[in-house]
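Chain A is fixed; fit chain B with the ligands onto it per the hints.
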Amino acid sequence: MHRQLNNTDQPASVASLAGSTASQASVEIKGVCKSYGEEWEQQDVIKDLTLDILPGKLTVVVGPSGCGKSTLVNLIAGFERPDRGEILLNGRRVTGPSKDRMVVFQETALIPWQTTYQNVVFGPKLRGDIKGKALYQRAHELLTKVGLQDFMDKYPLQLSGGMQRRAELARALINQPQIMIMDEPFRGLDAMSRGLMQEFFLRLFEENRHTNLYVTSEIEEAIFLADRLVVLSNRPAQLRTVIDIDLPRPRHYQVLSSPEAFEYKRAAMEILHQEAMRSFRPSVTGRLPGRP
Amino acid sequence: MVSVSEVSRPIGIARSRRSFLRRTLGRQEFWRGCVAIVVFLILWEIGSRSGEWFGYTLPHVGLLPPPSDVAVAWSKVLMKWGYWESWYQSFKRVLTGFIAAQIIGIPFGLMLAVNKYFRDIFFPPFEVLRPIPPLAWVPASLIFWPTNEMSIAFVTFLGAFFTIVINVLGGARTIDVRYLRAVQSMGASQWDLGGRRGRRDDLGRRHAGRWRSRLLHLEFVYGRIAAANRCRHDLDRHCRLPFKHRHPHDRPQCHALAQAVLIRKTGADHAQAAQ
Ligand SMILES: Nc1ncnc2c1ncn2[C@@H]1O[C@H](COP(=O)(O)OP(=O)(O)OP(=O)(O)O)[C@@H](O)[C@H]1O
Ligand SMILES: [Mg+2]
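Just so you know, the protein sequences line up as chains A and B, in that order. When you line the first sequence up against this note's numbering, it's residues 1 to 292, in that order. When you line the second sequence up against this note's numbering, it's residues 1 to 275, in that order.
Watch out, some of these pointers could steer you wrong.
[Unchecked claim] So the derived list for chain B, only partly shown, Cβ under 7 Å to chain A, looks like this: (1) Arg130; (2) Thr174; (3) Arg178; (4) Ala182; (5) Ser185; (6) Met186; (7) Gly187.
[To be verified] Facing chain B, from chain A, some residues (calculated, C-beta under 10 Å): (8) Phe79; (9) Ala109; (10) Glu168; (11) Arg171; (12) Arg249.
[As the list claims (entries may be wrong)] Covered by chain B, according to a simulated footprint, are these stretches of chain A (three or more residues, beta-carbon under 8 Å): (13) 88-99; (14) 119-131.
Simulated from the structure, these hints should not be mistaken for lab results. Note that beta-carbon positions come from the ideal geometry of N, C-alpha and C, so glycine has one too.
So here's chain A without its partners, still in its complex pose (with noise of 0.2 Å):
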């Protein structure tokens, strides 16, 4: 594991390799309202969310668990589209899924019956953008630089879960995407894992400074990787407030026990707290979750 984290030293960086030029896009979020369910019993899940995603800043999402930062995400993504409101990608509306927008996944979406290589190539492959050589020499740098050179031919099932993961991050970057999103990636990993993969994410993010949605529901992560933490209510989500984190980059893991991450946490496990107890008092009180 420490040997992969180490490759990001080497030479040849992912900038260069998933294309500069494309980094520098933003996302406003405008007035967005989503809700599922059928009219008689809609339950609003985001309700009039505005938001900007700033260019070539890691923005994080937190927010309590169920409460909408999928649902968020589909939405950028493209999967679904708002109810109300628009989403714009350097201007231009989102309606529908696009190689602008990757996303890596809650849950591994690695195509199981193909290899590492494979599933890498799949996009470019399928669109036909990049060819032969070029193609898997980009994938073959890529796979080195996540560490898992040696694993082309394995099948994802046959990977640990933070090399999974690692395979999920080369298959979105070699489409070049102009955002990154990430819903909540490494949630499953143990946690030494997850601390290794947080620190290889965060190499990866500085060395290239691609415009990069994050969604965690774990603070401390939140802080570590944040740019720009962005804490969302309790079901429906609403933004509650943003929060510059202004902590020196590069960043390693002893930045956490640093006054001023502290302090942000403070700040930030405040308001998530208020947002959780909201959240139980409904309930207590008889009514139905997720209703005022």
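Chain B with the ligands only, in chain A's frame:
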């Protein structure tokens, strides 16, 4: 560094062929199976010869000819032409029925999976006919097929057809939405370039894109099938792919095809909605 061709070659086909026999012989399951068959034959022999050997004929088993007699009779039959002719005829019937069932059943199952209207119309009658056992079709098939051969093939066809359709449908239905979404993001919508709607690109790129995605599509299907077939031998033991056989009749090939096609189809729908 490994070359491109080395990587894209289907993994270890030659290697797995060479060592297949050795791996089989080294497997405990194999020997357990052999022992089970031998024990079965011995018990049968003892049962059949019980009257001869112990003076007491066991019920049922005692009436059967012992396997050693069967083997002797078989060795005589082996010399006769008619025996092999029967083999040939049976094979022909079964294969005709089975291949016909695939040719009709797989597209039919895919259509059921992919198109709601098609499903609404054809699924109910299909479900009405499905529980009828193939043997019950024999009288009917004798009536509406001109030759005996054809009615036999038809009954075989029915035996395979319903299973195939249900498997294709089941395979298509069990695709996880995550895979669909992942391949949509990567541009799976190119599948549906021709046909119902125009595209922004010029015509040339359209056709190039279509062929490209068709080829890729085939590869996708092939890869899925290969993986399904390979999963029991080649992959590590603890690595069980999710589409292993769930039922003796369960056919990974059908699942494979269904999933691959549906993944394309959903991508296409999405792109269309986005227009
Ligand atoms: N397709 C759907 N149909 C109906 N309800 C849905 C659907 N998707 C999500 N929901 C509801 O929306 C709410 C938010 O779900 P979402 O998955 O976005 O939460 P989340 O914040 O990502 O939670 P977690 O942290 O557990 O991943 C949940 O209450 C869920 O029941
Ligand atoms: Mg989620």
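> How about Arg130 of chain B: closest beta carbon in chain A under 7 Å, or not?
Replying inline: violated (29 Å)
> Count the residues of the region 119-131 of chain A with a beta-carbon closer than 8 Å to any beta-carbon of chain B: does the count reach three?
Replying inline: With 6 residues in contact (Cβ-Cβ under 8 Å with chain B), the coverage given for the region 119-131 of chain A holds.
> Minimum Cβ distance from Ala182 of chain B to chain A below 7 Å?
Replying inline: holds (4 Å)
>> Hint Thr174 of chain B vs chain A: min CB-CB distance below 7 Å?
In response: Cβ of Thr174 of chain B sits 12 Å from chain A, so the hint is violated.
> With 7 Å as the cut and Cβ atoms as the points, is Met186 of chain B at the interface with chain A?
Replying inline: The hint holds - Met186 of chain B has a Cβ within 7 Å of chain A, the shortest such distance being about 3 Å.
> How about Glu168 of chain A: closest beta carbon in chain B under 10 Å, or not?
Replying inline: holds (9 Å)
> Hint check: is the beta carbon of Ser185 of chain B less than 7 Å from a beta carbon of chain A?
Replying inline: Hint on Ser185 of chain B: holds, closest Cβ of chain A at ~5 Å, below 7 Å.
> With 10 Å as the cut and Cβ atoms as the points, is Phe79 of chain A at the interface with chain B?
Replying inline: holds (5 Å)
> Any CB of chain B closer than 10 Å to the CB of Ala109 of chain A?
Replying inline: At 4 Å from the nearest chain B Cβ, Ala109 of chain A passes the 10 Å test, so the hint holds.
> Quick one, is the Arg171 of chain A hint okay against chain B at 10 Å, beta carbons?
Replying inline: holds (8 Å)
> Quick check: the region 88-99 of chain A, covered by chain B? Criterion 3+ residues, Cβ under 8 Å.
Replying inline: holds (count 5)
>> For the restraint on Arg178 of chain B, tell me whether the closest CB of chain A is nearer than 7 Å.
In response: holds (4 Å)
Checked against the numbered hints above, the structure violates hints 1, 2 and 12; every other hint is satisfied.
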